[in-house]
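Residue numbers (the working numbering), protein chains in the order written: chain A, 42 to 156; chain B, 435 to 542.
Since the hints were made in silico from the structure, they are not lab data. What you are looking at is a predicted structure, and each value in this text was computed from that prediction instead of being measured. Cβ atoms here follow ideal geometry from the backbone N, Cα and C, with glycine treated the same way. One should not assume that every hint holds.
What the hints assert, rightly or not - Simulated DEER-style distance windows between Cβ atoms: (1) A:48 <-> B:454: 19 to 29 Å; (2) B:448 <-> A:123: 14 to 24 Å; (3) A:81 <-> B:502: 43 to 53 Å; (4) A:99 <-> B:450: 32 to 42 Å; (5) B:488 <-> A:118: 41 to 51 Å.
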Amino acid sequence: KAGVTQTPRYLIKTRGQQVTLSCSPISGHRSVSWYQQTPGQGLQFLFEYFSETQRNKGNFPGRFSGRQFSNSRSEMNVSTLELGDSALYLCASSLDSAGGGQPQHFGDGTRLSIL
Amino acid sequence: EDQVTQSPEALRLQEGESSSLNCSYTVSGLRGLFWYRQDPGKGPEFLFTLYSAGEEKEKERLKATLTKKESFLHITAPKPEDSATYLCAVESNYQLIWGAGTKLIIKP
């Protein structure tokens with residue numbers, strides 16, 4: 042069974058640009074969550090999508106947005122990139138939305154570097 | 435405020451030296467507690483889910499236990515390949531609250 046797939050694995054951008062990251066969940070999983078991971082802050086929750094609807098959102102500025110398609114694939118967009126956006130962006134999928142007691146399964150992330 | 439605290443931040447052990455990692459939590463309405471392992475440059479790998487106090491789960495050299503206020507991840511006779519960061523997360527109010535992790539280093 043294929044795991045969570047994130048593309049691209051590495052990305053280098055400059056300040057002010059925008060970026061789109063992609064996530065394909067495990068087949069049959071309807072929930073996709075996005076996280077930002079940095080050495081100093083650990084795992085920070087960005088948002089969760091379930092059946093194409095945003096169910097929950099973390100404390101990030103509006104420059105961070107996402108969407109989910111009918112096949113459960115998800116994209117995350119960051120506009121007007123800042124140096125502080127350099128991080129590992131992780132996508133996780135689960136059978137049910139958070140609150141259902143189901144574990145999340147992670148991809149290996151997209152390493153975003155801002156120059 | 436919901437909070438998850440992991441200790442110690444880092445732990446160095448000799449191969450074969452057993453120990454425990456701690457995950458303490460203060461949340462309103464625990465729906466589940468999850469343990470993950472993360473290797474450098476990789477995403478977290480799911481290990482266990484615990485739902486109620488007294489529950490235990492085992493996998494190879496790892497055993498997770500749960501009380502009403504904390505969870506322990508016991509590592510018995512660890513090997514160098516057990517070196518990783520171990521993360522704990524608690525599900526409450528429809529979201530996961532994550533601990534900062536314990537970095538475990540097993541020296542041969």
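Here is how each hint holds up against the structure:
| no. | hint | result |
| --- | --- | --- |
| 1 | A:48 <-> B:454: 19 to 29 Å | 38 Å, violated |
| 2 | B:448 <-> A:123: 14 to 24 Å | 43 Å, violated |
| 3 | A:81 <-> B:502: 43 to 53 Å | 31 Å, violated |
| 4 | A:99 <-> B:450: 32 to 42 Å | 41 Å, holds |
| 5 | B:488 <-> A:118: 41 to 51 Å | 44 Å, holds |
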